[in-house]
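All chains, please: the whole structure from these sequences, using the hints.
Using my numbering, you'd call the opening residue of the sequence shown number 825 and step up by one each time.
Hints are computed from structural coordinates only; laboratory data are not their basis.
PhoX-like cross-link-like pairs, simulated, lysine-lysine; straight-line CA separation at most 25 Å: (1) Lys966 - Lys872; (2) Lys1011 - Lys830; (3) Lys997 - Lys830; (4) Lys827 - Lys840; (5) Lys927 - Lys830; (6) Lys837 - Lys928; (7) Lys898 - Lys840; (8) Lys1060 - Lys1101; (9) Lys1196 - Lys1222; (10) Lys835 - Lys853; (11) Lys927 - Lys1206; (12) Lys997 - Lys984; (13) Lys830 - Lys1034; (14) Lys827 - Lys1005; (15) Lys907 - Lys838; (16) Lys1034 - Lys827; (17) Lys1052 - Lys1151; (18) Lys1151 - Lys1119; (19) Lys997 - Lys859; (20) Lys912 - Lys927; (21) Lys898 - Lys1196; (22) Lys1011 - Lys837; (23) Lys1222 - Lys827; (24) Lys1222 - Lys842; (25) Lys1060 - Lys1170; (26) Lys907 - Lys853.
Computed spacing ranges between beta-carbons, pair by pair: (27) Ala1109 - Glu1006: 48 to 54 Å; (28) Phe1226 - Glu1122: 56 to 62 Å; (29) Lys853 - Gly922: 49 to 55 Å; (30) Asp1216 - Tyr834: 20 to 26 Å; (31) Lys898 - Lys1099: 27 to 33 Å; (32) Lys928 - Asp1141: 47 to 53 Å; (33) Asn876 - Pro1036: 32 to 38 Å.
The beta carbon of each residue, even a glycine, is placed where N, CA and C say it ideally should be.
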Amino acid sequence: MGKIAKEASYKLKKLKTKEKNAMLLEIKKGLLSQKENILRANEEDIKKGRENNMPEGLIDRLLLTDDRLEGMAKSIDEVIDFKDPVGKVLSMEENYAGLLIGKKTVPMGVIAIIYESRPNVTLDAAILSLKASSAIILRGGKESIKSNIAIADAIRLGIKNAGYDENFVQIVKDTSRESSKELMQLKGYVDLLLPRGSASLINSVVENAKVPVIETGVGNCHIYVDDKCDIENAVKIIENAKTQRIGVCNAVESLVLNNNLPDKFFDLFNEVVEKYKIKVHADEAALPKLKNAVKAEEDDYGREYLDYEISVKTVDDVDEAIAHITKYSTGHSESILTESYERAMKFLEEVDSACVYVNASTRFTDGGEFGKGAELGISTQKLHARGPVGLDELVSYKYVIFGHGEYRK
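This is the structure we're talking about:
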């Protein structure tokens, strides 16, 4: 499979932007033409998930509907409209010897992705990789295998109908750990590997991979509620960040509350807690003020719940809030709710996460919301890519040097 992908990548990198966009349009047609097959396959995955007592947050990640498929189809249009990330001249300078030294973006070659639950990742990964002129190997989880295969078949149909090699996109149908490990170790064939899923999956890839990896992180996202905040707006932001979609990595999992917050905050927040039946893991200071609360254990502050649960920690000031976040953060997304410019700037400067917000929901950490289109995950590392991994993060670069007979003395 690695050899096939590498050979396909040589063909793919020769395609011009118009040719790639025409291929993406055929993929959209293929996706819509296979909608019934995809939904039928997804129903089987959902049924099996419920039989295996899969949590509702993960069921939501797995679920495909007519509306979600239409949204996936529209995402192809967005990728078509984006500028080609390949062939951009990043710089061009003349050196002391008269050489003209340029730096331009080039395809990665072969990208692989190992992911769980979300069948929409199958499409997102394929179309982004194709636009970035790289072949891709998809390895989804067993919980979504039928959905993934149905979507991959539709993608390959579109590529074939466009007149190109359907092996630009391949899917691993074997969901065993052995197949995953084999993909991680395809040195010489896979140029970039992205894991997307649970902490255990990501850690497994980081520890076992022999190919370059972009670590997409688990989302233990924090919101610090300062005593100088708009109380009503703060609660609305928290409600959105926690409840809009519980099974996503940019949902808030931990609240850090200033000790001087008035009772009004707790009254309004408790309405949200009771409305959604949120289980609150609170420290001793917050425990008597909150509904549906249990005493927080140390581990609760580091958990990604992906459910109607949240941890609450009280602090004296923004410095203590930053210290708590630094200790438990996964480096994904954190937000401060405050009307103090000084505290906001301090938070932005000292919180070392991929995305740091002032007076906004962490739910905005997304390629589409950032104007980057679909993405392959949120990188929490610092090398090569950080934050949403979109088109611009899926290319490498090379130097091109123009001379006039120069040689080094």
